[in-house]
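Assemble chain B onto chain A, guided by the hints.
One letter stands for each residue in the lines below.
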Amino acid sequence: MIITQALIYSLLAHDMWVDDALVLHYGHMQMNHSHGDEKEIKKEEISKVFCSSGSNVFEIETKELKAECDTLFIVLNEAYYTKTPYGTKRQSKDKTKMAISSFKSIESVKRINKDNSKQIFNKGLELSLTNKLSSIEVGDKARLLVTYDGRARAGVSVAYADKVRGVSDRDGRINIRIQKAGLQNIKASLTLKDDGIKSDEIIHSSTLNIKVLK
Amino acid sequence: MKKISILLALCTGLFAHHGVPSISLAGVEGPGAPLETTSSSTLPEGSLLAYLKVDHAKYKTYTSTRDGEAESSEYFMYGLGYGFNSYFSAYVFVPYYIKSQDDAFSTSGFHDISFQFVLGMKYDDGLMLTPSSESLDDMQDWHFTTSFSFTLPTGNSNATMPDGSLIDAGMQTGFGEPSFMLGLSATKWFGNDWTLVGDVSYNTFLENTYSDGSKVRFGDEFRLNTAISYMLYSKPASKLRLDFNMEANYLHLGRDIENGSGANATGGEMIYLTPGARLSYKTTSVAVGVKLPTWTNLNEEDLQQGAEGKEDYRLIFTFSALL
Numbered sequence: 001m002i003i004t005q006a007l008i009y010s011l012l013a014h015d016m017w018v019d020d021a022l023v024l025h026y027g028h029m030q031m032n033h034s035h036g037d038e039k040e041i042k043k044e045e046i047s048k049v050f051c052s053s054g055s056n057v058f059e060i061e062t063k064e065l066k067a068e069c070d071t072l073f074i075v076l077n078e079a080y081y082t083k084t085p086y087g088t089k090r091q092s093k094d095k096t097k098m099a100i101s102s103f104k105s106i107e108s109v110k111r112i113n114k115d116n117s118k119q120i121f122n123k124g125l126e127l128s129l130t131n132k133l134s135s136i137e138v139g140d141k142a143r144l145l146v147t148y149d150g151r152a153r154a155g156v157s158v159a160y161a162d163k164v165r166g167v168s169d170r171d172g173r174i175n176i177r178i179q180k181a182g183l184q185n186i187k188a189s190l191t192l193k194d195d196g197i198k199s200d201e202i203i204h205s206s207t208l209n210i211k212v213l214k
Numbered sequence: 001m002k003k004i005s006i007l008l009a010l011c012t013g014l015f016a017h018h019g020v021p022s023i024s025l026a027g028v029e030g031p032g033a034p035l036e037t038t039s040s041s042t043l044p045e046g047s048l049l050a051y052l053k054v055d056h057a058k059y060k061t062y063t064s065t066r067d068g069e070a071e072s073s074e075y076f077m078y079g080l081g082y083g084f085n086s087y088f089s090a091y092v093f094v095p096y097y098i099k100s101q102d103d104a105f106s107t108s109g110f111h112d113i114s115f116q117f118v119l120g121m122k123y124d125d126g127l128m129l130t131p132s133s134e135s136l137d138d139m140q141d142w143h144f145t146t147s148f149s150f151t152l153p154t155g156n157s158n159a160t161m162p163d164g165s166l167i168d169a170g171m172q173t174g175f176g177e178p179s180f181m182l183g184l185s186a187t188k189w190f191g192n193d194w195t196l197v198g199d200v201s202y203n204t205f206l207e208n209t210y211s212d213g214s215k216v217r218f219g220d221e222f223r224l225n226t227a228i229s230y231m232l233y234s235k236p237a238s239k240l241r242l243d244f245n246m247e248a249n250y251l252h253l254g255r256d257i258e259n260g261s262g263a264n265a266t267g268g269e270m271i272y273l274t275p276g277a278r279l280s281y282k283t284t285s286v287a288v289g290v291k292l293p294t295w296t297n298l299n300e301e302d303l304q305q306g307a308e309g310k311e312d313y314r315l316i317f318t319f320s321a322l323l
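Respectively, the protein sequence lines represent chains A and B.
With my numbering, the residue at position 52 of the first sequence is 52, and numbering never jumps.
With my numbering, the residue at position 20 of the second sequence is 20, and numbering never jumps.
Chain A on its own, in the form it takes in the complex (with noise of 0.2 Å):
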């Protein structure tokens, strides 16, 4: 538990996204609460990068985020994280010694760029829009579906503009009023058991990024 709820603050603290240059980003989209750890996510450490245009989807081996993909859908390597008595370990827990819990990461981020495109891709946990992008406007709501494998879940924690706004419902819904015009972040985190030889929990956090121009 105290693991999730770190991983929950970290979720708040920390932003992924993807900029109008197509360059995936790790920090502080709001340059005011930056503590000058901003970086941009190379390819080496991201796994997967799928594009959905139209009705066609398809996998880019190449891992190049291209401009002509209507919804961009980026899965990042996993990670192990094990806490000690002398430290949290980048490595998993049968790896380390007088380990005393360990989490495995999985990271994502879509960016949603036009209406009607396919945007649920079955990898993981995913933020997708039921509204249309191009009807949202400053004081609208982003009507939200939370999908695990593509399938809707319940009870996954949403936060936006630092402060969790609620769980996801039965359905797999919940909405966020947009507050300010520009790059939208949205995030999810949803913490799962693991067997607890290589981790402890799986926590997977995914990230939506919408523009809303006014």
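Calculated directly from the structure, the hints in this document are not laboratory data.
Glycine residues also receive a C-beta, built at the ideal position from the N, C-alpha and C atoms.
One should not assume that every hint holds.
[Stated by the list, open to error] Which residues of chain A face chain B? A few of them, derived with a C-beta cut under 7 Å, are:
#1 165
#2 166
#3 171
#4 174
#5 175
#6 176
#7 177
[What the hints assert, rightly or not] Quick list of simulated restraints, FRET-style, between CB atoms:
#8 52/B <-> 86/A: 51 to 61 Å
#9 116/A <-> 148/B: 44 to 54 Å
#10 138/A <-> 200/B: 29 to 39 Å
#11 170/A <-> 252/B: 42 to 52 Å
For chain B alone, kept in the frame of chain A given last:
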């Protein structure tokens, strides 16, 4: 006949908010809940609510002699509620009252049992039933409830004095016949420390024939309540929250009908101001408030000692726990 305050206590108790704060994942957040004004909350699906309200009324007396003027009353309301789903809740209330005069005469006992059914709605690109789960952003939508209540005549409406004569109908511990009430409420939480709440309700009574053959139909009642709630303090980690409330409670009482004619010294209209506070911890809450008659326009003002609007004050306490 004086229309006594049990009617007010019963009806506001029936329809008043039950004091369960909205507690979100992020901590103690969501709309505030006044004491007398009904907020637009429904009980979570499958949850049980235990509720207690105590209302102590102290009346102004017109003379210093012991001449049978109403002095004070204590009303206790025990309630149990159940959330059948996210938008429909039902309650049962058992009231108990003690009413004392300055000549040491008093009546007490369980009053008529009452039942209340509440339907919750909200406006989110259209009117809809209250959903099972809402984000903090959804909680800022306008929420509404509509409710229907009725009482059954389980109390005693034919209590007698030692000489065998009937106690005044207003002092009985039952109406003798069912009563019915319809209500509407609206709530707007602004997403910060402020909440605006309002409600209207209409309450009507059937004519009762007493054991001595006399007939009484209590006057209909109309209420309009408005309230603002301000969150003074919150500690999300421990789910502790303190709210200040200020309410304005308008009440219009129709004239009672006795044996087919309008009864003297009954009815009128009044406004109470009710400052109060609510302390919430997890899903338990206690609230206190003082209800002050601020403006009155009673039908026979000088003859209505002991009626609504003629209090020095009413001190109100509620406790509720969601199980």
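Status of each hint after checking the structure:
no.: 1; hint: 165; result: 5 Å, holds
no.: 2; hint: 166; result: 3 Å, holds
no.: 3; hint: 171; result: 9 Å, violated
no.: 4; hint: 174; result: 5 Å, holds
no.: 5; hint: 175; result: 5 Å, holds
no.: 6; hint: 176; result: 6 Å, holds
no.: 7; hint: 177; result: 4 Å, holds
no.: 8; hint: 52/B <-> 86/A: 51 to 61 Å; result: 54 Å, holds
no.: 9; hint: 116/A <-> 148/B: 44 to 54 Å; result: 45 Å, holds
no.: 10; hint: 138/A <-> 200/B: 29 to 39 Å; result: 34 Å, holds
no.: 11; hint: 170/A <-> 252/B: 42 to 52 Å; result: 44 Å, holds
Checked against the numbered hints given earlier, the structure breaks only hint 3 and satisfies all the rest.
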